[in-house]
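Enquirer: Based on the hints, put chain B in the right spot on chain S.
Chains as they are written, first to last, in our numbering: chain S, 1 to 312; chain B, 1 to 297.
Careful, some of the hints might be misleading.
Derived list of chain B stretches under chain S, where covered just means 3 residues or more per stretch with a C-beta under 8 Å from a C-beta of chain S [claimed, not checked]:
#1 38–48
#2 60–70
#3 77–85
#4 219–226
#5 230–237
#6 262–273
In silico negatives: residues of chain S with every beta carbon more than 12 Å from chain B [said to hold, decoys possible]:
#7 Arg60
#8 Leu73
#9 Thr81
#10 Glu83
#11 Val93
#12 Gly163
#13 Met175
#14 Ile223
#15 Gln260
These are calculated hints, taken from the structure and not from any lab test.
Computed from a predicted model, the values in this text were never measured in an experiment.
By construction, the Cβ of each residue, glycine as well, lies at the ideal position given by its N, Cα and C atoms.
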Amino acid sequence: MTVQAAPAVAAAPRRRPAPKRMTRGERWKRRAPLLPALVFAIVLTQLPFLFTLYYSVLDRNLLRPETGRFVWLENYGKVFTDELFRNAVFNTVKLTVSAVVLSMVLGIGLALLLDKQFFGRGIVRTLLITPFLVMPAAAALLWKTSMFNPVFGLLNWAIGLFGFESIDWVSQYPMLSIVLVLTWQWTPFMMLIVLAGLQSQSPEILEAARVDGASGWATFRRITLPHLRQFIELGILLGSIFIVQTFDPIFMITQGGPGQATTNLPYFIYQQAFRAFEVGEAAAAGVIVVAATIVIATFALRVISDLFKEET
Amino acid sequence: MTATATPPIRPPEVSDRAAAARRRKGRKFNPGTMLVAIVAWAVGLLFFFPVLWMFLTGFKQESQASTDPPTFFFTPTLDQYRAILDRDFMPYFLNSLTASVMSTVFVIILATPAAYALSIAKVPKWRDSLFFFISTRMMPAVASILPLYILAKNIGMLDNITMLSLIYTAMNLPIAVWMIRSFLLELPKEVLEAARVDGAKVITEMRRIILPMIAPGLAATALICFIFAWNEFFFAVSLTATEAATVPVFLVGFITSEGLFWARLSAASTIAVLPVILAGWVAQKWLVRGLSLGAVK
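For reference, chain S alone in the conformation it holds in the complex (with noise of 0.2 Å):
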């Protein structure tokens, strides 16, 4: 087989050989480099997963070792006859939309601002950016006491001072609270997102549209924003993809509460786990959850690969 080989190799030396033609010896040593990694990451992340839907078929919980019957689907029935997975459903998806959507919006606005030449405009890309690198634990923390607080808090001394009453922010809003805490740190992220795509797009064309006489407005509605399309979608579903899991200000600012006000589903799991213990439900819940993130994968997945293929 070698010696087959070699005299293609002499006569062409500069082109790689074609996929087809490798043997399973090369295709090996190809993978080689491959494997470690791979194995790790499903080792580490399928596996699990694997265990997670073994779970949700079994009567368990921590606390009573005598459990562990199967039990089928009956803890997939439990869970969504559950009024409280239902409520979490429904606030994971109001938390995420709103949460999407406003950073997004003031994303999109300060992207088209830094797009701008202007004085210390480097500078203030670095102080758009922190919000974003800052701990979430820490983020939640500083706003819970240093914002929120509805005697000491300064949100309620900065809207003191255009005469508005004081509010309970967390008692009152929490969704609202929460949202704007994520908002706060997901800015960036869009704002960055969509920065590098108002900076990839090709000065000609915006020159000639110029030229043309086509007035700020049109450009950008033309040009520009369909441009930035992809780059809008791409920093959507990431976003989503990230803020769907939401844990840390939840745990940290309202505990879920007041009462389930503020429940998502990782909070909620995190409960059914490590509060009551309850295995079997709390790994049917996960499972729903993994399968609706498959659903925002798949388009994710679509656009990064949209991106991906004009790159190759």
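Expert: What follows is chain B alone, placed relative to chain S:
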């Protein structure tokens, strides 16, 4: 020619062109640019303000930290920082550092060869592998936390920093593979082909030629992975207790004493966020690339 040389009497078209040039360059006294600058600075400061406030509060006395109206002017003190360091903060900080650094090193070691096999010497079905990696990042942490918890408990690795590092490695692996791959794709093909014609073995090619060329990219990837590991809270709070608890878990301790130790909490938070803010400022050029998994340059 002569028209442009004499400034006082310019033909209208030339002055038009000059105005256009001025608009493009964005001179200082253009009112539009001025407005953009003012709005951008105002919003930038607004977004940054909570972080600045946290930083300032860390240097206050407790009595100054919770006042109505807020205290803007005060004599800074290091008391809170002293109290934090006295109160066993260091073990948490070292745990965070260990988990972040260890996982980042693992990630780079695993991801660099993988990215090579998915870009330069492509394996068959490389596209599938690439998307497999990214799909693992999209799976919510809640879906794997239970088995990981039970597994860690059974093998006695609950509250263990190595376990946490391994989980962070798995968490950051897809981002690193995608990002390093995007750097590898930018390498000039001629260099690699020349090496191959010279008969360089894969390992030599990797070590002598590729690694030095993508070193800045690897550094950027490492910084991004470090940021994500340092800031992680869900796995840390679920899988650690006392021995391996990280900085965010330390901060949880302040929830119970709500309102009483604001200045101290701010000092602790400042130490907690500073490494990542600095790393992020340094790596901001690559931040968007990491966040978009290498898709956006």
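Enquirer: Please go over all the hints and tell whether each is borne out by the structure.
Expert: Structure-based check of each hint:
no., hint, result
1, 38–48, "holds (count 8)"
2, 60–70, "holds (count 5)"
3, 77–85, "violated (count 0)"
4, 219–226, "violated (count 0)"
5, 230–237, "holds (count 5)"
6, 262–273, "holds (count 6)"
7, Arg60, "violated, 10 Å"
8, Leu73, "holds, 17 Å"
9, Thr81, "holds, 20 Å"
10, Glu83, "holds, 20 Å"
11, Val93, "holds, 15 Å"
12, Gly163, "holds, 15 Å"
13, Met175, "holds, 20 Å"
14, Ile223, "holds, 17 Å"
15, Gln260, "holds, 17 Å"
When held up to the earlier numbered hints, the structure conflicts with 3, 4, 7 and fits the remainder.
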